[in-house]
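Chains as they are written, first to last, in my numbering: chain R, 21 to 428; chain X, 21 to 428.
Calculated from the structure, these hints are not laboratory results. There's no promise every hint is true.
[Unchecked claim] Computed footprint of chain X on chain R; a stretch qualifies when at least three of its residues, placed anywhere within it, have a C-beta under 8 angstroms from a C-beta of chain X: (1) 156 to 162; (2) 213 to 226; (3) 298 to 304; (4) 372 to 386; (5) 410 to 420.
By construction, the Cβ of each residue, glycine as well, lies at the ideal position given by its N, Cα and C atoms.
Protein chains: 2
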Amino acid sequence: MLAGGFRDIYAVNPKAQGVDEIPGVAAVTGIGRPVDLAVIASPAATVAAVLEDCAAAGVKVAVVITAGFSEAGNVAGEEEIKRIARGSGIRVVGPNCAGILNTGYNLYPTLEVRPPAGHTALISQSGALGGAVLAWAEEQGLGISKFVSYGNRVDVDEVDLLAYLADDPDTVVVALYIESVRDGREFMRAVHAFTRRKPLVVIKSGRSRSGQRATLSHTGSLAGADAAYDAALRQCGAIRVDTVEEMFDLCKGFAHVPPVRGRRIAIVTNSGGPGVMAADWDEKLGIDVAEPSPALREKLASFLPAHCALRNPFDLTVEGTEDGYRRTLEAVLTEYDAALALNVNTPYLDSAALARGICDAADATGKPVVATFMAGSTVVDALPVLKARGIPNYAIGERGVTVLARMA
Amino acid sequence: MLAGGFRDIYAVNPKAQGVDEIPGVAAVTGIGRPVDLAVIASPAATVAAVLEDCAAAGVKVAVVITAGFSEAGNVAGEEEIKRIARGSGIRVVGPNCAGILNTGYNLYPTLEVRPPAGHTALISQSGALGGAVLAWAEEQGLGISKFVSYGNRVDVDEVDLLAYLADDPDTVVVALYIESVRDGREFMRAVHAFTRRKPLVVIKSGRSRSGQRATLSHTGSLAGADAAYDAALRQCGAIRVDTVEEMFDLCKGFAHVPPVRGRRIAIVTNSGGPGVMAADWDEKLGIDVAEPSPALREKLASFLPAHCALRNPFDLTVEGTEDGYRRTLEAVLTEYDAALALNVNTPYLDSAALARGICDAADATGKPVVATFMAGSTVVDALPVLKARGIPNYAIGERGVTVLARMA
Numbered sequence: 021m022l023a024g025g026f027r028d029i030y031a032v033n034p035k036a037q038g039v040d041e042i043p044g045v046a047a048v049t050g051i052g053r054p055v056d057l058a059v060i061a062s063p064a065a066t067v068a069a070v071l072e073d074c075a076a077a078g079v080k081v082a083v084v085i086t087a088g089f090s091e092a093g094n095v096a097g098e099e100e101i102k103r104i105a106r107g108s109g110i111r112v113v114g115p116n117c118a119g120i121l122n123t124g125y126n127l128y129p130t131l132e133v134r135p136p137a138g139h140t141a142l143i144s145q146s147g148a149l150g151g152a153v154l155a156w157a158e159e160q161g162l163g164i165s166k167f168v169s170y171g172n173r174v175d176v177d178e179v180d181l182l183a184y185l186a187d188d189p190d191t192v193v194v195a196l197y198i199e200s201v202r203d204g205r206e207f208m209r210a211v212h213a214f215t216r217r218k219p220l221v222v223i224k225s226g227r228s229r230s231g232q233r234a235t236l237s238h239t240g241s242l243a244g245a246d247a248a249y250d251a252a253l254r255q256c257g258a259i260r261v262d263t264v265e266e267m268f269d270l271c272k273g274f275a276h277v278p279p280v281r282g283r284r285i286a287i288v289t290n291s292g293g294p295g296v297m298a299a300d301w302d303e304k305l306g307i308d309v310a311e312p313s314p315a316l317r318e319k320l321a322s323f324l325p326a327h328c329a330l331r332n333p334f335d336l337t338v339e340g341t342e343d344g345y346r347r348t349l350e351a352v353l354t355e356y357d358a359a360l361a362l363n364v365n366t367p368y369l370d371s372a373a374l375a376r377g378i379c380d381a382a383d384a385t386g387k388p389v390v391a392t393f394m395a396g397s398t399v400v401d402a403l404p405v406l407k408a409r410g411i412p413n414y415a416i417g418e419r420g421v422t423v424l425a426r427m428a
Numbered sequence: 021m022l023a024g025g026f027r028d029i030y031a032v033n034p035k036a037q038g039v040d041e042i043p044g045v046a047a048v049t050g051i052g053r054p055v056d057l058a059v060i061a062s063p064a065a066t067v068a069a070v071l072e073d074c075a076a077a078g079v080k081v082a083v084v085i086t087a088g089f090s091e092a093g094n095v096a097g098e099e100e101i102k103r104i105a106r107g108s109g110i111r112v113v114g115p116n117c118a119g120i121l122n123t124g125y126n127l128y129p130t131l132e133v134r135p136p137a138g139h140t141a142l143i144s145q146s147g148a149l150g151g152a153v154l155a156w157a158e159e160q161g162l163g164i165s166k167f168v169s170y171g172n173r174v175d176v177d178e179v180d181l182l183a184y185l186a187d188d189p190d191t192v193v194v195a196l197y198i199e200s201v202r203d204g205r206e207f208m209r210a211v212h213a214f215t216r217r218k219p220l221v222v223i224k225s226g227r228s229r230s231g232q233r234a235t236l237s238h239t240g241s242l243a244g245a246d247a248a249y250d251a252a253l254r255q256c257g258a259i260r261v262d263t264v265e266e267m268f269d270l271c272k273g274f275a276h277v278p279p280v281r282g283r284r285i286a287i288v289t290n291s292g293g294p295g296v297m298a299a300d301w302d303e304k305l306g307i308d309v310a311e312p313s314p315a316l317r318e319k320l321a322s323f324l325p326a327h328c329a330l331r332n333p334f335d336l337t338v339e340g341t342e343d344g345y346r347r348t349l350e351a352v353l354t355e356y357d358a359a360l361a362l363n364v365n366t367p368y369l370d371s372a373a374l375a376r377g378i379c380d381a382a383d384a385t386g387k388p389v390v391a392t393f394m395a396g397s398t399v400v401d402a403l404p405v406l407k408a409r410g411i412p413n414y415a416i417g418e419r420g421v422t423v424l425a426r427m428a
């Protein structure tokens, strides 16, 4: 909190002990000034009394990090928190959660790693999973706007959070990890309303019997029939993914790439093998790696060397240049809905220049372009160029076309 | 070549020009001493004459990097190379290839990035794909024994290479990228003979119609019915994967982990959500995330804290310790065939200690153990421990259980 620039902080504890520059007080009511946010991490047995104190002091929101409630069999303790929240109107996040963060306000009342700022909001029923995503965000090139770990959701739940984030100007896409929902109907209504305005990427775990058994033991909540979730999420416009990696891939696409208006995908590559591998996913993904029109073929022939393939995938060969990528992408994007720009760099070529050609074409056309620069040390110069100019990079082409297909 | 410690090298070219400390000669026959290996990168029109010169000098093996043969419509040029190879007995790799390397000999007659030494051999019909894998190997934690890019295979082909690598003591597992094979029957016989001795991981691209069309344009070779490849590879004991990432994952498993003797998989985690997500893959993968026996449960209860789950996934909770991982893994591996050790680290905990506990259990039991340490900066201390002790780490648990399932 201090590192975020907040100064008006109080350490509330029975002995009124301060921490570093933060003054200590024995109760929230003792602060004597309006309090915007209470973060509660006191032992489970004390949480109810602390919440009562917050309510008496007029606190509007309390984040209860403390565990040891329904997930540990302490249903009565949790019911009491719920009762206080309902009675006082104080909004409670948690208990048994990892906290919240808001990169726009520099607000980090959580123990988790601070991610880079950006346009993806993350809502996670699992604190650990949320924490892992935050810790991984920098490396994955995903910027975060807001994070809420809502744990046992005695009060604030996925429905409230979706309604809030639909209106949040900093949030372009929401990633949601759920193991169960409180009220199926209400949840689906909230998802439907949300996805009319912004994309929603959902991981719903507990697909298999052993996963459901594990969910039950982990959160005490029953996961419900997986197929029903699958159908309902699809109907309501959410995109369900299976892994955190797919979630990163897709959120990077939605946060950075313009809408994908159709399923005709061009693959522009400098290397046959990886181009074929990306094209191979067309049937599985329901995309059309269609051949170019005669007019486009003629156009490409006017500037590409004779050895380049005037077919989709468009293979510029190992001699592909910055100019070759730029002009080819600009040309193909006149008749394709989106493009994957694929590059296998050779150790002696400047990958940054090729990345610039790709970014220039994306800017010039305003069409969705994603990149795959392979691999390792040969492409380290390209990656900062792509990042600075907002073109998502995927380690393999198959992941790039998967994102375009799911966005379409 | 020089950097690899080789000193007895000659630069063969019409003007007999040397390069740095390497003396120049006008012809291989002019060297006047036995030559072990010729690497040919002269223009396509000169390759036949250079090969004749090599043959006359008694060279045993020539790697022809030069492109511009059948893949560019120059079938006659390629036939001539084939004729010279057949007539002289010189073994030819290529043409149109990225070269070879042998980390055991420090032999790198290739322009590709040098990978770390290890026990995976890579055979690639696509030079670019091979180069990308080599450039990525360090980051992916995969060590390479041999690499052969065989391009248009006028002579040495996948069948020869599999026979050679079956006997190679440095090679534990082979990764093979093919777009087509020269002779289906002979290839399948070679695969069958190989997989009786070592595991073979295959990427066969050209699955879809657009992929097959692209393969044809790229290598001039027809890919053939994909379903037939699928069935034949399975029958012959090869493991087919779709992406380079899956190939890395599986090769890391085979290179480092003891054989997986059955399909009962234990998941030991410190975090419910990611544990559930890994367990969720059981039905898809055909593994059994079975519950522990009463005896094992009793054993676990004797040393684990009361809040830990005595079920599979075994959740040590956020309080999981080095000792907790070690003792739990040792106990569960008495009745499971393999284990995934999953850890979502919190920023203030020492991930290296937890990694040591996991490695100790793998050593003590001799059973297959793979790890997933999530994520980013919170686990940077664990990764070198796992690497040094030969436990493969997968970014997400789903990839770890997929490897165990495919090895079983």
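Legend entry - Coverage criterion applied to the segment 156 to 162 of chain R (partner chain X; beta-carbon cut 8 angstroms; 3 residues): holds (count 4)
Inset, instruction - Establish whether the coverage given for the segment 298 to 304 of chain R by chain X is satisfied; the threshold is a Cβ-Cβ distance below 8 angstroms, and no fewer than three residues must meet it. - result: holds (count 6)
Legend entry - Residues of the segment 213 to 226 of chain R with Cβ under 8 angstroms from chain X, three needed, outcome: holds (count 3)
Inset, instruction - Verify the coverage statement for the segment 410 to 420 of chain R against chain X, using a C-beta to C-beta distance below 8 angstroms and requiring 3 or more qualifying residues. - result: Per the Cβ count (3), the hint holds.
Inset, instruction - Can you take a look at whether the segment 372 to 386 of chain R is actually covered by chain X? Rule is 3+ residues, C-beta closer than 8 angstroms. - result: violated (count 0)
Hint compliance for this structure: hint 4 alone is broken.
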